[in-house]
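Asker: Sequence:
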Amino acid sequence: MSDQVMQIATRIKALRELSDYTVEEAANELGVRVDEYYSYENGSNDIPISFLLKFAALFGVDTTTVLTGEAPRLSVCALTRKNMGVDINRAQHYTYKNLAYNFNHRKVEPLMVTVVPGANSNMETNSHSGHEFNYVLEGKLRLQVGSQIMELSEGDSAYYDSMHPHAMQAIGDTPCRFIAIVIP
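Counted from 1, the sequence shown has number 838 at position 89 by the numbering used here; the numbering is strictly sequential.
Just so you know, the hints here were simulated from the structure itself, not pulled from any lab data.
Errors might be hidden in some of the hints.
What the hints assert, rightly or not - Taking lysine-lysine pairs in the DSBU-like style, the calculated list, with each CA pair at most 30 Å apart, reads:
hint	residue 1	residue 2
1	Lys803	Lys846
2	Lys831	Lys856
3	Lys856	Lys803
4	Lys762	Lys803
5	Lys856	Lys846
All figures in this text were calculated on a predicted structure; none of them were measured in a lab.
With the hints as constraints, model all of the structure from the sequences given.
Answerer: Rendered as structure tokens:
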């Protein structure tokens, strides 16, 4: 795994231990199998963004703290310039950039997501609590929510209950970039 995943895994373990949770208790609260939780805590598996959101909420910390080790400090307005934000390089199928990483007590997670052609060719799904909004900026996106499959082009958007299994895939030879707003 990457150095960033190992650092996140170390923070997850430290936060759990500081909170006096056993691995079994944390896994149960987060709705994952114990072996799955162990794989996140020891850095042997990619850590889904949905898990990070649930983990941060359970332990009362900001996702930025889990991802970077530093707490966000802004509370009135956070400006993120073009091509800035915090990279979240922890998933095989997508790359994420958190666009409000420095705003404290966020109610949503605004992410710039890039899906490269060929990634997630088998449409591996995930699900998590809350809702999600995706707005396509560039390229074309195949979006599956439950059994529904749709194709989105530049300017198209979809809002859905993210408890339903969902997956994204770039269509064609160019990457697809979209804004994802995850609402826990």
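Asker: A separate judgement is required for each hint: does it hold in the structure or not?
Answerer: Consistency of the hints with the structure:
1. Between the alpha carbons of lysine 803 and lysine 846 the distance comes to roughly 18 Å, so the proposed pair stays at or under 30 Å and holds.
2. With a C-alpha separation of about 22 Å, the suggested pairing of lysine 831 with lysine 856 holds against the 30 Å cut-off.
3. Note on lysine 856 and lysine 803: the hinted pairing holds, with a Cα-Cα distance of about 13 Å set against a maximum of 30 Å.
4. The straight-line distance between the Cα atoms of lysine 762 and lysine 803 is roughly 15 Å, inside the 30 Å bound, and the hint therefore holds.
5. As the CA atoms of lysine 856 and lysine 846 are separated by approximately 17 Å, the hinted pair is consistent with the 30 Å bound.
When the structure is compared with the earlier hints, no violation turns up for any of them.
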